[in-house]
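Trainee: Here's the letter readout for the chains.
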Amino acid sequence: DTGVSQDPRHKITKRGQNVTFRCDPISEHNRLYWYRQTLGQGPEFLTYFQNEAQLEKSRLLSDRFSAERPKGSFSTLEIQRTEQGDSAMYLCASSHSHTEAFFGQGTRLTVV
Amino acid sequence: QKEVEQNSGPLSVPEGAIASLNCTYSDRVSQSFFWYRQYSGKSPELIMSIYSNGDKEDGRFTAQLNKASQYVSLLIRDSQPSDSATYLCAVNGWNGGSQGNLIFGKGTKLSVKP
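In order, the protein sequence lines correspond to chains H and X. Following our numbering, the numbering of the first sequence begins with 1 at its first residue and continues without gaps. Following our numbering, the numbering of the second sequence begins with 1 at its first residue and continues without gaps.
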């Protein structure tokens with residue numbers, strides 16, 4: 001499978017716990033994006049990487065959120081001290097520079 | 001604040017009709033424009049990209065771009081019930097001299113009635 005892969009697909013966690021999501025992009029893509037989407041809204045940009053460099057972060061990305069792409073391949077998104085407002089679909093996408101971006105299936109987070 | 005605006009709908013068209021979806025964007029230097037289709041509970045799926053003014057056709061889909069008016073549209077000909085979904089417009093922002101993140105509109109919900 002050469003598409004974008006996200007893991008896990010679903011995560012239920014208790015408020016206050018930390019969670020980590022993984023994204024494996026399409027292998028030749030140098031850009032990797034993280035988005036968050038809630039019901040009835042479009043995807044909201046969180047951050048993106050070009051290779052291993054994190055080039056832009058949204059103001060939505062509070063200090064509880066951190067993302068890494070250490071070797072320019074897979075990426076992780078960690079949320080510390082989760083809150084109920086963090087419940088959303090977390091989407092990862094990859095592209096070659098500014099061309100078409102392709103999404104993974106997403107990780108649905110529920111904070112109880 | 002870079003923005004992408006879409007009418008949230010719902011847009012309802014009969015089967016076989018043309019569905020017209022519209023999008024405006026605020027960042028004048030944007031150069032890459034995309035339409036995604038999203039079924040309920042699924043992730044967005046890329047259906048069209050357009051980079052220069054004019055029309056681009058792919059099967060039943062036509063994307064139209066007018067950079068002077070900062071306007072992008074998507075036409076779906078011979079609409080089918082399977083086209084019922086939310087359509088997201090996305091535009092590349094500009095970040096320090098190069099194209100940056102993708103900015104999405106909130107999407108237009110399309111319903112095609114049999």
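Hints listed in this document are in silico derivations from the structure and should not be mistaken for laboratory results. Careful: at least some of the hints might be erroneous.
[Claimed, not checked] Mimicking PhoX-like on lysine-lysine, the simulated pairs with C-alpha atoms at most 25 Å apart in a straight line are:
{"no.": "1", "chain 1": "H", "residue 1": "11", "chain 2": "X", "residue 2": "67"}
{"no.": "2", "chain 1": "X", "residue 1": "67", "chain 2": "X", "residue 2": "113"}
{"no.": "3", "chain 1": "H", "residue 1": "11", "chain 2": "H", "residue 2": "57"}
{"no.": "4", "chain 1": "X", "residue 1": "106", "chain 2": "H", "residue 2": "57"}
{"no.": "5", "chain 1": "X", "residue 1": "56", "chain 2": "X", "residue 2": "109"}
{"no.": "6", "chain 1": "X", "residue 1": "67", "chain 2": "X", "residue 2": "106"}
{"no.": "7", "chain 1": "X", "residue 1": "109", "chain 2": "H", "residue 2": "57"}
{"no.": "8", "chain 1": "X", "residue 1": "113", "chain 2": "X", "residue 2": "2"}
{"no.": "9", "chain 1": "H", "residue 1": "71", "chain 2": "H", "residue 2": "57"}
Trainee: Against each hint, give a clear statement of whether it holds in the structure.
Mentor: Here is how each hint holds up against the structure:
no.	hint	result
1	11/H <-> 67/X	violated (41 Å)
2	67/X <-> 113/X	violated (33 Å)
3	11/H <-> 57/H	holds (24 Å)
4	106/X <-> 57/H	holds (20 Å)
5	56/X <-> 109/X	holds (22 Å)
6	67/X <-> 106/X	holds (20 Å)
7	109/X <-> 57/H	violated (29 Å)
8	113/X <-> 2/X	violated (35 Å)
9	71/H <-> 57/H	holds (19 Å)
Hint compliance for this structure: hints 1, 2, 7 and 8 are broken, all remaining hints hold.
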